[in-house]
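> Required output: the full structure, derived from the provided sequences and hints.
Spelled out, the chains give:
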Amino acid sequence: MDIKKFSALIATRFSRASFLKMTAAALGTLALPPLFGRTGVLHASTVLAPRAPKTISTICDLAVARGPEPGAATRSAVNALGGMGKFVKKGMVVVVKPNIAWDRTPEQGATTHPAVVAALVRMSFEAGAKTVKVFDFTCNEARRTYENSGIAAAAKQAGAAVNYVDDWKFFPGQFPPGAVMKDWLMYRDAVECDCFINAPVAKHHSLTRVTLSIKNLMGVCGNDRGRMHQDIAPKIVEVLAFMKPELTVIDASRILLRNGPSGGNMSDVKRVDTIIASADPVLADAYATTLFGIAPHEIGHIKLAAERKLGSMNLATAKIRTVNA
Amino acid sequence: MLILRRIVQTACAVFFIVVVWTTRYPLDHFLNPAVLFKIDPLVMIMTSIAERIILPGIVFAVMTLAATFVLGRVFCGWVCPLGAVSDFWVFLTDRLRLLLRLPVKDFLMPRGRFIKYAGLGLCALLAVGGIQFVWLFDPLTIFVRSVSFGVIPPANALFESISAKLIPATNYYPPVEVAYHWLKEAMFDPRRLLFPHAPVISTIFVVILAAAVMVRRFWCRYLCPLGGMLALVAAHSLLKRVSPPCAVSCGMCKDDCRMGAIADDNSYNASECIVCLDCVKKCSGDTSSFSFDRHKIVQSAPLPSAHGISRAQFFAWSGVSLGLLASSCAKPFLRNRVRAVIRPPAALPEAEFVQRCVRCGNCMKVCITNGLQPVVLESGSEGIWTPKMDPSIGYCEYKCTLCGRVCPTGAIPPLTVEQKVRTHMGVANIARDRCIPWATGRQCLVCEEHCPIPQKAIQIREMMHLGQKVLLPFVDADACVGCTLCQHVCPVLPRKAIEVSPV
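Chain order of the listed sequences is A and B.
The numbering used here applies: residue 1 is where the first sequence begins, and numbers increase by one.
The numbering used here applies: residue 326 is where the second sequence begins, and numbers increase by one.
Derived from the structure by calculation, the hints contain no laboratory data.
A virtual CB, placed ideally from N, CA and C, is assigned to each residue, including glycine.
Honestly, I wouldn't trust all of these hints.
As the list claims (entries may be wrong) - Some chain B residues well away from chain A (every beta-carbon gap over 10 Å; in silico): (1) Val333; (2) Thr335; (3) Val343; (4) Asn357; (5) Ile456; (6) Pro674; (7) Cys725; (8) Arg757; (9) Pro827.
Said to hold, decoys possible - No farther apart than 20 Å at their CA atoms in a straight line, the calculated lysine-lysine pairs in the PhoX-like style are these: (10) A:Lys319 - A:Lys86; (11) A:Lys244 - A:Lys156; (12) A:Lys54 - A:Lys86; (13) B:Lys794 - A:Lys156; (14) B:Lys509 - A:Lys133; (15) A:Lys89 - A:Lys130.
Printed below as a string of structure tokens:
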């Protein structure tokens, strides 16, 4: 096709009016991206504020339920604190955050027992919760851990919304000025809820010696979490101060004594048949350390959390109720 | 019948796309994508010849050839998804062609049609010499690869980025979020798929479509080696077009033939016809039809054959001989390949693996962590687009066995979970000058905490190091399976402080 033919073609196909219209339309599309950009009207430039503190008065400071069935023990432990009604009010959006980090089976003790999660979901609904969300930012592939830990099936059956973590729901958290976690990405669904129930499993951990409720909060942090491991204690304590969980329920139905946190050896798992519940995350962790034969002040982040008055690690003065389920 | 052909074509293309789309964890949907390639005689027969084995499922490929012998190139006209998409694309772009007044000329006719036989011959020559080369030009492979790399990941990313804007804009309105999660679970992976090399791989597909705008079924007419293989059979097919000298001579059939298989005198070329039945439908008289009845069939005049051997034939046969010699000489060079990249678990020894792999991309599509990526040149020129584990993107999930289950040629054998956890892909090695505890004495141990081996392939010892007590990681090379999870999660950048070497 030579130039003459081409210009003749153009002349017959396009009028001036249609040319102007098309040009206007093309330029119009250039105006679209700013709508979606950083400052556009459709862009939510969200920064997540720390969760507000709540004072919840429970019957006792810490409840310990012993029983062979983790679900029933969870129920007894929370009831011993005064029932789920103390934490969950009608119409609330509740988050239950178990440990679903690893592609392990429930008996291997690397993830929270599904019965514990299901019991917490059911109790939240009984107390009037509107929605209960269950999720974790996993270490192994989420589809495998959700399924093989048994948590997805159990929580869904109990009525919870079980979803994988979406990377676009992480937003920078407003940590206090000078904080080591400054602008760290936090998961929006975890921060923007009415009641946050932290449901870790009690395990050995190679770096922090034990991983309990405070360490479990890493599952709502984004970015490369491997970068939290250098001088980890102050970082996870800052996350605790940011998240302020209303309720902490530690699954110690079986505990991993060695090769934590991912485990995998049945010989490393010890059956303890214990569920610990408290409104004070530091106290719950402090009690759980005794199951490993460790004193609370030996664990760096627990000691630091107590020093920062985020809770108490003094088991001697705490009001502890032990019930059998 | 024309309607039926369109329905079958559409159904086959949709079927292929659905099967490829559902090639993901937990792989219990629908159909294993490995089955798609069993009906492909080019892949099955050439790979079998090159590897001196009989691939399981080759019987389906033979059935395709048998069907071609009975019905002609119906595979090309009715089944092949690349042909279907190309036809649909031409239907879409027909207006564009008219607008730009592009010539619809069979400008390579008739000599260009021999390119596909030359391609087929090259594949066959190399296969005899032990080299499998169908991976680059097999149409089913091109189609599946392009969908896996070029269509699904962008669709996934687009869905995610639209949702990431839309849902905050609705202020996380619960029904919208429920719909989002439902759709995401049904159609997409939880994390965005990343294939940096995808644009290069999809180029062939794009070129095929672009060429189809100029000449319909350009690829099928001139280049497709599978089409060439089927054409050889279809030349003797039982079903033939009945094409007596036409009284009307309107030329509709000739002008409309998407393969340009009809000559001026209304005779046709059986090896080019893909039995699309356009000519039957468009015929203004009642001349065009297809029949098994030998008596009705009027063949086109046979090409005049000279006595003896022509110059072209002489050069062709010389080429064949030299090619055979060359391909049989080439193989020993390839035999000595060392494994330079981390291959999927239990992959065949390197030289065999490279020949057995047809680069369909199934293993990379199904890889649950997105860690399997196409090799560019790291494993030599003959290893292009074979899979490797790329720890910067993903890792091998300890108890996952998906890749072996979708491999159509057994280059990655299927494994049970018990076999998989004992399969060594490589061995980790700590670079003490970069590792945080070794180099600075600060705490880290991310590698050890992620190590999936129950007895831990990364051991920690508390030692006096740099004047303080430090927890230091050590690799137990015998326990390490080389899953690369430690390398994937190592926080040291840009070069990781623990790296896995292939074994």
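> Any Cβ of chain A at or closer than 10 Å to Pro674 (chain B), or is the non-interface label fine?
28 Å, holds
> In terms of Cβ atoms, is chain A entirely out of 10 Å range of Arg757 (chain B)?
It holds; Arg757 (chain B) is separated from chain A by about 16 Å at its closest Cβ, greater than 10 Å.
> Holds or violated: are the alpha carbons of Lys509 (chain B) and Lys133 (chain A) at most 20 Å from each other?
17 Å, holds
> Compare the distance between the alpha carbons of Lys54 (chain A) and Lys86 (chain A) with 20 Å, and conclude whether the hinted pair is satisfied.
Roughly 11 Å separates the two Cα atoms, so the pair holds.
> Please settle this one: Thr335 (chain B) was flagged as non-interface, so is its CB more than 10 Å from every CB on chain A?
At about 31 Å from chain A, Thr335 (chain B) clears the 10 Å cut-off, so the statement holds.
> Should the label of Val343 (chain B) as a non-interface residue stand, given a Cβ cut-off of 10 Å to chain A?
20 Å, holds
> Does Lys89 (chain A) pair with Lys130 (chain A) here, judged by a C-alpha cut-off of 20 Å?
9 Å, holds
> So is Ile456 (chain B) really clear of chain A, every C-beta pair being over 10 Å apart?
Holds: least Cβ distance 36 Å, greater than 10 Å.
> Next pair to validate is Lys319 (chain A) with Lys86 (chain A); report whether the Cα-Cα distance is within 20 Å.
17 Å, holds
> Over 10 Å to the closest beta carbon of chain A is the bar; see if Pro827 (chain B) clears it.
22 Å, holds
> Take a quick look at whether Lys794 (chain B) and Lys156 (chain A) sit within 20 Å of each other, Cα to Cα.
46 Å, violated
> Are all beta-carbon distances from Asn357 (chain B) to chain A longer than 10 Å?
18 Å, holds
Checked against the numbered hints above, the structure violates hints 7, 11, 13; every other hint is satisfied.
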